[in-house]
Amino acid sequence: MTAAEPGSFRDRDSRVVVTDDAIYRALSPEGTEDWDALSATPLLEKMISSGQVVGTREVDPATAGIDQELLPTGVSKVLEHDRIPFVSYPYEWTFSMLQDAAKLQLQLGAEAIENGLDLKDATPYNVQFIGSQPTFIDIGSFEKQTEGEPWIAYRQFCMLYLYPLLFQAHKDIPFQPWLRGSIDGIQPIDAIKVFSLRDRLRRGVFLHTSLHARLDRRANKSGPGSAEANKNTRQVKPGQIKAQLESMNRLVSKLKWKAGETSWSGYRQSNTYSDDDDKRKQAFVAEVAAEKKPGLTWDMGCNDGAYSRIAAENSDRVVAFDFDHATVEALYRSLREEGNTKILPLVSNLADPSPALGWRGLERKTLVDRGAPDLMLALALIHHVSISANIPVADFLQWARDMGTTLLIEFPKRTDPMVRALLANKHDGANPDYEEGNFERELEKRFTVERREELPSGDRVLYLASPR
Amino acid sequence: MHIFAYLDPGSVSAALAAVLAGIAGIGAAFRTFGSNLKKKIFFWKKDEETPEAAVATAAPAETSDDKPAEQ
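Read top to bottom, the protein sequences are chains A and B.
The numbering of the first sequence is this note's numbering, which starts it at 1 and goes up by one.
The numbering of the second sequence is this note's numbering, which starts it at 1001 and goes up by one.
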């Protein structure tokens, strides 16, 4: 069935259409002119072959079955894109992921200018990750240069890329809640409130935040003004914009976030598990992945990604989730170093996963709507979910069941040292549903237990369960 | 100049972007001038290029010694 992607409506010259088999992009006559200009340059092939831009080719509009009325001025060409294995959003990325996406955006922008083109916007939603490889997906963003125009996406770049990066690098403020809270990013007048007077001397703050906010405030006071007064009359040469993009790229590249040690960094090494337990878990995961050969595996609470890597040996793709930013950042950096394109690390809190956002609540999808897994790893997780986040055991199992996924779950008993630590500050008898017998009953209501294995410590049990 | 874009650049931001582009352009011109001047002053260095320097010249990327005016 053909349906326009609900998140792709802002550009009247380019719209994405998703079918069961393919991802298409419909282009208006004007969008087609821009595409023809891009495809006439050597840039397109170079970007696609290096993986910087999603694989794209022209297809016959009749084959794609695209409605002419999809765009206000009609559809004159249709492109087909390679499918992104798992769509992620900037509020699920780590600092280095957002930084790498920003660098890609700026690099492509500068290269576009060299080829008589430019990028009409600068949003991280135009970048997706294939494992640790950032890939630009919005071909419709390339357009022919308009003489004299400044970098029109400058404000958008600041709001969606630069300010979040400055928050994390200079103030150690997590940027994800800000981006999740506003689909358009952080306004200059809000961003500046976060920085002290001393911070204004730091890299990128004065010009792009302080001055930007001051000018915004002045404009807000003086009202909208006339159309003539609002016109920018300053002519800008393409070379100047290229220099601006390169300068911004240097600024972004130099930003560093010193991810501090958190209680979750090195959790797997420093926790209460015995080596024997760990070895058995590794073998169990490897055996299950080899038997099931899942297309998509989710590793919930992935920590350092050890089990994600084992599962990846026999999965097409693995998405590794953890709510601890520093832990996922370390994992991303190691995957990037390896050039790993199979494991996608994301920051996500299972107790508060990404909701649907934007216009009609359809622009950005919930986590589950982006592709349920074939196999879910929930290792050393359920006690945190049930005891710390107070999510009933039955609710967690139902959530997994609703996705129709095979579940590989570890249940630490109430005798487990970590469970006892989590229960230490609760009253006696707290979380009564967190008990081995109840867990097994609730599991068996929803799943068929294919395999059960008690770990050598005797405090933990592994289950492989397929949905009923 | 008229801006015909689907994305509203914000009048203030567009004006600021235009000014910053001018500054960045001047910075880039200075960098090119400095780099050419350096090449002229140390013209003999070209002949004494080490294999490591040759690699660095082939891939200047982000490790350039140039210190541009940061924005």
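Calculated from the structure, these hints are not laboratory results.
Quick caveat: nothing in here was measured; it's all calculated off a predicted structure.
Here a beta-carbon is modelled for each residue, glycine too, at the ideal position from N, C-alpha and C.
Any given hint could turn out to be false.
Simulated DEER-style distance windows between Cβ atoms [stated by the list, open to error]:
| id | chain 1 | residue 1 | chain 2 | residue 2 | range |
| --- | --- | --- | --- | --- | --- |
| 1 | A | S334 | B | F1030 | 37 to 43 Å |
| 2 | B | L1037 | A | D172 | 40 to 46 Å |
| 3 | A | D352 | B | L1037 | 54 to 60 Å |
| 4 | A | A372 | B | F1030 | 37 to 43 Å |
| 5 | A | A286 | B | K1038 | 53 to 59 Å |
| 6 | B | K1039 | A | A372 | 18 to 24 Å |
| 7 | B | F1043 | A | D60 | 31 to 37 Å |
| 8 | A | E114 | B | K1045 | 24 to 30 Å |
| 9 | B | T1032 | A | R10 | 47 to 53 Å |
| 10 | B | F1030 | A | E147 | 51 to 57 Å |
| 11 | A | I189 | B | I1026 | 38 to 44 Å |
Going by beta-carbon spacing under 7 Å, a handful of chain A positions derived as facing chain B [stated by the list, open to error]:
| id | residue |
| --- | --- |
| 12 | W151 |
| 13 | Y154 |
| 14 | R234 |
| 15 | L362 |
Consistency of the hints with the structure:
The hint said 37 to 43 Å for the Cβ distance between S334(A) and F1030(B), and at roughly 39 Å that hint holds. Checked against the given bound of 40 to 46 Å, the beta carbons of L1037(B) and D172(A), roughly 41 Å apart, stay inside it. With their beta carbons about 57 Å apart, D352(A) and L1037(B) fall inside the hinted range of 54 to 60 Å. Between A372(A) and F1030(B) the Cβ separation comes to about 55 Å, which falls outside the hinted range of 37 to 43 Å.
The hinted window of 53 to 59 Å between A286(A) and K1038(B) holds, with their beta carbons roughly 56 Å apart. At roughly 59 Å, the beta carbons of K1039(B) and A372(A) sit outside the given window of 18 to 24 Å. A C-beta distance of roughly 58 Å is found between F1043(B) and D60(A), which places it outside the suggested range of 31 to 37 Å. Evaluation of the 24 to 30 Å hint for E114(A) and K1045(B) yields a pass: the beta carbon distance comes to about 28 Å.
For T1032(B) paired with R10(A), a C-beta distance near 38 Å fails the hint of 47 to 53 Å. For the pair F1030(B) and E147(A), the supplied restraint of 51 to 57 Å is violated, since their beta-carbon distance comes to about 25 Å. Separated by about 28 Å at the C-beta atoms, I189(A) and I1026(B) break the suggested range of 38 to 44 Å. For W151(A), the suggested interface contact is upheld, since its CB lies about 5 Å from the closest CB of chain B, less than 7 Å.
Because the closest C-beta pair between Y154(A) and chain B is about 4 Å apart, less than 7 Å, the hint holds. The criterion of a C-beta within 7 Å of any C-beta in chain B is met by R234(A), whose closest approach is roughly 4 Å, and the hint holds. A distance limit of 7 Å between C-beta atoms decides the matter here; for L362(A) the minimum to chain B is near 19 Å, and the interface restraint is violated.
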